[in-house]
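Spelled out from the first residue to the last, the chains are:
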Amino acid sequence: MVLAAEYLVIHQTPHRGARKRKDYVEPIIATRGLKKTYRFGKVDVPALRGVDLIVQEGEFVAVVGPSGCGKSTLLHILGGLTGPSDGQVCVDGNDFRLMSDSDRTRFRRHKIGFVFQRFNLLPTLSARDNIAIAQHIQGNGFNPHRFDVITQLLGIGKKLAHRPYALSGGEQQRVAIARAVICEPKILLADEPTGNLDTENSQIVLDMLRELNRTFRQTILMITHNPEAAGVADRIIRMRDGRIISD
Amino acid sequence: MHRPIRTIVSVLAVAIEVAMVILVVGLCHGMVNDSAKRVEGVGADILVRPPGSSFMMGMGEAPMPIKIGDRLAELPRVLAVTPTIVHVNAVQSLDLIYGIDLTSFNAVSGGFVYHSGGPFDSPYDILVDDIYAHSHHSKVGQTINLLNHDFRICGIVEHGKLARRFIPLATLQDLMVAQGKATTFFVKCTDPAYTEQTTDAIKTLLPGYTVLPMKEYMDLMTSNNIPGLNYFITVMIGLAVGIGFLVIFLSMYTTITERTREIGILKSLGASKTYIISVILKEATVLTLIGIVAGIIGSVIMRKFFITLFPTLPVELTWNWRFYAACLAWMGSIVGAFYPALRAARLDPVDALAYE
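Line by line, the protein sequences give chains W and V.
If you count the first sequence from 1, position 207 lands on 207 in the working numbering, and the numbers rise without skipping.
Each number in the working numbering comes from the position in the second sequence (counting from 1) with 247 added on.
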């Protein structure tokens, strides 16, 4: 595996066709010295203190660690929801240092799917519309074939007319996963996807993620507290105090 | 529809805004037009008023000697001349009471059409038109107290000629202590084609007097020429638009605050600032459109209600002003919703997703 630091030294601006070594497979995620500091009043609170990470396309990676270790912050930065304070982030050939806020929004629209612990479905829309809105925002129009494949795969075909309040937690999370992958994102970022589910539903959701990874070679980066959940991933990264301590 | 009460209040505010604009303008224009049409209904070709007087009938006292009428009648191409004196009645309701010389008035106007009763029999007789009679449930023989005197209704006439209430010229002159005076002379030419020549002749005869051909008078009788009326209309429209703007602003502002998390979700899906602004403006537009339809329907209902309660109150609802009111309401709503929309678009996605 290519080290992140090594990759980023070679590819300072990878999206602009920088030179590549023949034995390198371009990683889909590469960070080097990634730092993020939040400021609360006059106090600086470091969330990430220098993260070096490489993820190859098609990998299913679990990130584990205690609360406050910076897992969610890492996810938000990789998804372009917030910018880094320092360091380099390169996702699918896009160097975040060179991207404006609206560039990152456009990038997120086409390349990233999010799944959250609290499902985050829009309460006024049906399951069908919650999924379809992602396609609407992407602007490529409704793709019925993709829609059918995904909803069948996730087993929510009969629940599409229901609003979120009429769905169980497991069903809501499956709708959220469908929404996240409907636009064929390069990367699926899952933030504690089983955190609000019972054991049975957790297993169903994890199986779904595994299935997506196998069927579509979907790159998945999943944050979890749960060691069993992390066990379904190909690779487990442990974080503590804003750093990766094992990979 | 997520918050039905807030939605209803927003729609209602826009509906009130639209109905208020349509009705205020309709009432002002209706009163001006109705007044102008009734003056035109006299059938005269020329109006003669004192020097420096307003073209408006209720303005001014009765400073013209009534003998001027004889001199006007002697002019060539003049068929008939009738003097009138006007009293602005502000008791119970605001209206104009005309003192007329029935014989000459009939000569100019072709005479009243009587629904019941007949012409003046005594100095304290009064003629009312059918609209007044209907609204006040008046019948021939009843008495009306006017200028501290009881007048007997001697006849009910077809509406459309000058006023709703007429009393003998001499009686009103006495009551106004304006014996031998008149407010306006109505002049009828032998042929309407002679109006211009006759107008010039009157101007030569009575230099400085206000001499208006009827067509010119009708052109002047618009809300633009009524002192203060346009300011009144503008202020009322401003208030109505202000109400709509504030309600939509508050409604959308609270919506944004309540839906912060949903906006965060949209942002996580890659929704751009433009997309979020457009979603909120579309919502405001839908509310406004429903409010506009409700306001237009409400204005028609209110007009019927006004006419039932006050039959003498003319309210003219025009499609032009319905369109203008709708545009004003829509613009007010868009401006009102724009700041909340901008605020939503600028929300930090991470903070918005963490919002409880």
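Hints are computed from structural coordinates only; laboratory data are not their basis.
Note that CB positions come from ideal geometry on N, CA and C, so glycine has one too.
You may find that some hints are simply not true.
As the list claims (entries may be wrong) - What follows is a list of derived Cβ distance ranges for each label pair: (1) P123(W) - M578(V): 42 to 50 Å; (2) D595(V) - D86(W): 12 to 20 Å; (3) G155(W) - I252(V): 23 to 31 Å; (4) T565(V) - V149(W): 53 to 61 Å; (5) T124(W) - F557(V): 44 to 52 Å.
To see whether the hints hold, each was checked on the structure:
1. Between P123(W) and M578(V) the CB atoms are about 31 Å apart, so this pair departs from the stated range of 42 to 50 Å.
2. Between D595(V) and D86(W) the Cβ separation comes to about 19 Å, which falls inside the hinted range of 12 to 20 Å.
3. Remark: the range hint 23 to 31 Å for G155(W) to I252(V) is contradicted by a beta-carbon distance near 38 Å.
4. T565(V) and V149(W) have their C-beta atoms about 57 Å apart, which keeps the hinted 53 to 61 Å range intact.
5. Here the CB-CB span from T124(W) to F557(V) is close to 45 Å, well matched to the stated 44 to 52 Å.
Hint violations for this structure: numbers 1, 3, all remaining hints satisfied.
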